[in-house]
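Colleague: Letter by letter, the chains look like this.
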Amino acid sequence: MIPVLEITGLVKRYGEVLALDGCSLRVPAGHLVGLLGPNGAGKTTVMRTLFGLVVPDSGAVRWRGRPVDWRCWRRFGYMPEERGLYPGMRAGEQIAYFGRLSGLSTRAAGAAAVRWMGRLGLAGREDTRIDRLSHGNQQRVQLAVALVHDPDLLVLDEPFAGLDPIAADALAALMHELCEAGTTVLFSSHQLDLVEHLCEDVVILDKGRIVLAGRLSELRARAPRRRLEVTLARDAGERWWERWSLALPGVEVVDGDSRRVRLTVARSVDLEKVLTEARSAAEVVRFDYGPPSLSEIFREAVR
Amino acid sequence: MSGDAGRARVWRELTLVARRELLVRVRSTAFRVSTILLLAGTVAGIAIPTALAGGPQHYTVAVAAQAPPAVAALVRADGNAAGVPVTVVPAADRAAAVRSVENGRVSAAVAAGGEIIWKTGPSSALSPVLTAAVQQAIITQRAASLGLSAGTIARLLAPVRAAVTQLHSQTQATARKITAYVAVILMFMAITVYGSYVLTGVVEEKSSRIVEVLLSRLPPSSLLGGKIAGIGLAGLAQFLTVAAAAAATLLITRPSGVPPGTYQAIPALVAWFMLGYAFYSTLYGSLGSLASRTEDAQAAAGPVIALLVAIYVLAIVAIANPSAGWVTILSLLPPSAPIIMPLRGSLVNVPAWQTIIAAALMLGAIYVLLRAGARLYRNAVLHTGARLHLREAWHGEPARPQPAPR
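Heads up: the sequence lines are chains A and B, in that order. My numbering applies: residue 1 is where the first sequence begins, and numbers increase by one. My numbering applies: residue 1 is where the second sequence begins, and numbers increase by one.
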C-alpha cells in the first residue's frame, strides 16, 4: 500500500518540554485513521504540523511524496479541537468564505456551502448568524467549513467531543462515506469504544512518540497478551483467584468479585491449567478468552 | 513560475481577507453610527462658526427720499466694493426710515443731510460703507454747487487705492494654528480608532479560536496584512466621506479666513493617514496577538498607546514653535512623521526633499515592521493562556517559569 501521507521523525521541543520525540507515521489513501493517546501525548501538535501551524525542529511531512506546502493545504480540511467561527457572520457566508480561502471560485464556494449545509442537516439556515445557531448546529457549521472544498485529507481533532450519541453516529457514518469516496481521514479521539467500531487503522501516541500503529485487527491479533474472563456458578468468597493466579506465570488480574475475575494472560499461558484451577473454586459457567479490546491495547501501550 | 503562482495566491488571500474585513466594518452599526456622528460633527463644526462669525452677511438699508441724491446708488457700489452686499429700500421720510430700523426690517437708514440712523450702535462691517457713501454724496453735492463739471467731479472723487501691507497677519496665523490643531487631532484619532479595530479584530479571532482554522488555509502574513488593509480601507472610506463633506460645507458656506493651502493640505493629510495607519495598525495587530483574551488586549497594546500619546503631546508643543530643530527631526522620523509632518506642512513651508525623506523612511519602517509583526503574530497567535511576553513570542517559545537565579 503506497502511503499518501508520510510523517517522518518529527521532533518539536517547547523549552524543556519535548512535545514530539521522533514521531513517524504513514497513511494510505482513503484510509480512516484514529489517532489515540493520553492528554499531552502530542496528538494536536502532530495535526498542527500537517498544516504548517507548528514548524517541527526536525523531521518532515510529505503528501504524495512531496513536502507539504500551500498547494497541499488548499486540499486539506482541518477542524481543530478548539472550535471557532465568526459569531456575527451568516452561516452560509462563512462556509463559502472558507471555500474561497481554499481556492474555490465565488460561485463554486457558494454552491458548496449550500450543498454541505443540506448534507449536514442545516438546509434553510444559510442566512442565520452563527451566534443565533444552537451549539450542535454551530458544530455542524464547523464541520462544513472543514469540508466545503471537498478536501483530499480531512483532519479532525476530537470531532466527537461534545456530541450526543445520535450526532456521533451521524458523524461516524459521514466519515465512512468520505473514506469510501477516496478521502483520507485522520482524527483523534478519547472515546475508544467508538473508535473501535469506527475505524480499521489506529495510531497510539504517547509522550511524543508513536508506540503502536497499524490495522486494529492485526494489532489485536499481534497483542502479546490475551483477555480472559472467568465466571463461576456461585460465590467463591473474597479474592478466590489469588491462590492460583499468583502461582501461574504470565497471568495478571485486572479486577474481579466473588463470582467473576478479569485477567490478562500471556499467549504462552496454558489455558487448561487456568480452567482447572478455576474449577477448584466452583463450577465455571463462562470462560471467555480472546484478543484484547482497543482500550486494553491502549492501556498496555501507554503504561 | 512558482513565484508568480505564489504572488497570485498571496494577492488572492489578501483581497479575500481584506474584503471580508471591509464588509464586516461597513455593515456594522458602530461604523454607521460613527460615520453619521463624524459627518454631523464636521458639517456643524464648519457651518456654525461661519454663521456666528457673520461671514459675508447681507444688509438692508433704508434710504429716505430726503437723503442726498445718488446716495442709494453709492451705498450699493461701496458695499459691493467692500465685499458687503447691501440692498437699498426706499423710505417715504425720516419717520418711516426710523420705523424700519426700529422693527429690524433694515440694519440702518440714511436720511436728510446724510444722517445715518442705527438701532443701537454702528455695525463694524456696514458703518464704513454708509459713511463713505454719505461723504461722497455730500462732497459731490458741494462740488456741483461750486460749479465743477460732472467729469471733473468724477476725476476728483475717483477712489484712492491705498496699498496695505500686513507684516504679520494675526488672523491668518491663528487660522493656520487652528488648521494644524485639527490636523493633529484628526490624525491621532484616526490612527487610534482604526488601529484599535485591528487590535480587537486580532484578539477576537484569537480568543474565538477561529484563527487556527484560518491559519490552516493561509499564512499569518496574509491574515494580518489583509486585516490591516480591509480595516484601513473602511477607515479611508470613512475619512474620505468626512473630508468630502467638509469640502462641500466649505464650498457652500465660504467662511472667510481659511488660510491658503488648506484645501491642498487634504490630499497630503490622507496620504499621511495611510502611512501612519499602516505603521501603527501593524504594531497594534502584532502586539494584540500576544493577548489571549479581549481583556488583555489593551494591556498588550499599552506601548503603542503610550507612544502615540507622547507624540500627540509633542505635536501640541510643536504647534507653538514649528520651526524648531527638534520638530524638523521628529517630522522626518517614522513613528512621529505621520503626525508632525502634516502639522509642519500647515504652519511652515516644508522643503520637498524633507517630505520625500520622511515618506521613504516611513515606507521602509512599514516594511520592516510588517516582516517583524508577521513573525510575532505567527508565533503568538496560536498560543493560549497567559499573555505572552514579547521576547517569548519573538523566539517562538511559550511562557515557561524562569529558572530561579542561583
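I should point out that these hints are in silico values taken from the structure, not numbers from a laboratory. From the three backbone atoms N, C-alpha and C, an ideal C-beta is built for every residue, glycine too. One or more hints might be untrue.
As the list claims (entries may be wrong) - Using C-beta positions, here's what the derived DEER-type ranges look like:
id, chain 1, residue 1, chain 2, residue 2, range
1, A, 105, B, 367, 43 to 51 Å
2, A, 176, B, 367, 20 to 28 Å
3, A, 21, B, 28, 42 to 50 Å
4, A, 123, B, 12, 53 to 61 Å
5, B, 302, A, 105, 50 to 58 Å
6, B, 5, A, 214, 35 to 43 Å
7, B, 30, A, 119, 33 to 41 Å
8, A, 119, B, 12, 37 to 45 Å
9, B, 316, A, 123, 31 to 39 Å
10, B, 26, A, 193, 45 to 53 Å
11, A, 119, B, 293, 29 to 37 Å
Colleague: Against the range 35 to 43 Å, how does the distance between the Cβ atoms of residue 5 of chain B and residue 214 of chain A compare: consistent or not?
Modeller: 38 Å, holds
Colleague: With respect to the beta-carbon atoms only, verify the hint that residue 30 of chain B and residue 119 of chain A lie 33 to 41 Å apart.
Modeller: 36 Å, holds
Colleague: If I claimed the Cβ atoms of residue 302 of chain B and residue 105 of chain A lie 50 to 58 Å apart, would that claim hold in this structure?
Modeller: 43 Å, violated
Colleague: So does residue 119 of chain A sit 29 to 37 Å from residue 293 of chain B, Cβ to Cβ?
Modeller: Since the Cβ atoms of residue 119 of chain A and residue 293 of chain B sit about 35 Å apart, the hinted range of 29 to 37 Å holds.
Colleague: Does 20 to 28 Å hold as the CB distance between residue 176 of chain A and residue 367 of chain B, or does it fail?
Modeller: 50 Å, violated
Colleague: Falls inside 53 to 61 Å, the C-beta gap from residue 123 of chain A to residue 12 of chain B?
Modeller: Cβ of residue 123 of chain A to Cβ of residue 12 of chain B: about 30 Å, so the range 53 to 61 Å is violated.
Colleague: Has the hinted range 31 to 39 Å been met by the Cβ atoms of residue 316 of chain B and residue 123 of chain A?
Modeller: About 60 Å separates the Cβ atoms of residue 316 of chain B and residue 123 of chain A, which means 31 to 39 Å is violated.
Colleague: Quick check: does the Cβ-Cβ distance between residue 26 of chain B and residue 193 of chain A fall within 45 to 53 Å?
Modeller: 50 Å, holds
Colleague: How does the Cβ-Cβ distance of residue 21 of chain A and residue 28 of chain B compare with 42 to 50 Å: does it lie in that range?
Modeller: Cβ of residue 21 of chain A to Cβ of residue 28 of chain B: about 47 Å, so the range 42 to 50 Å holds.
Colleague: Hint says 37 to 45 Å; check whether the CB-CB distance for residue 119 of chain A and residue 12 of chain B agrees.
Modeller: 27 Å, violated
Colleague: Using the Cβ atoms, figure out if residue 105 of chain A sits within 43 to 51 Å of residue 367 of chain B.
Modeller: 32 Å, violated
Hints 1, 2, 4, 5, 8 and 9, counting from the list given before, are not met by this structure.
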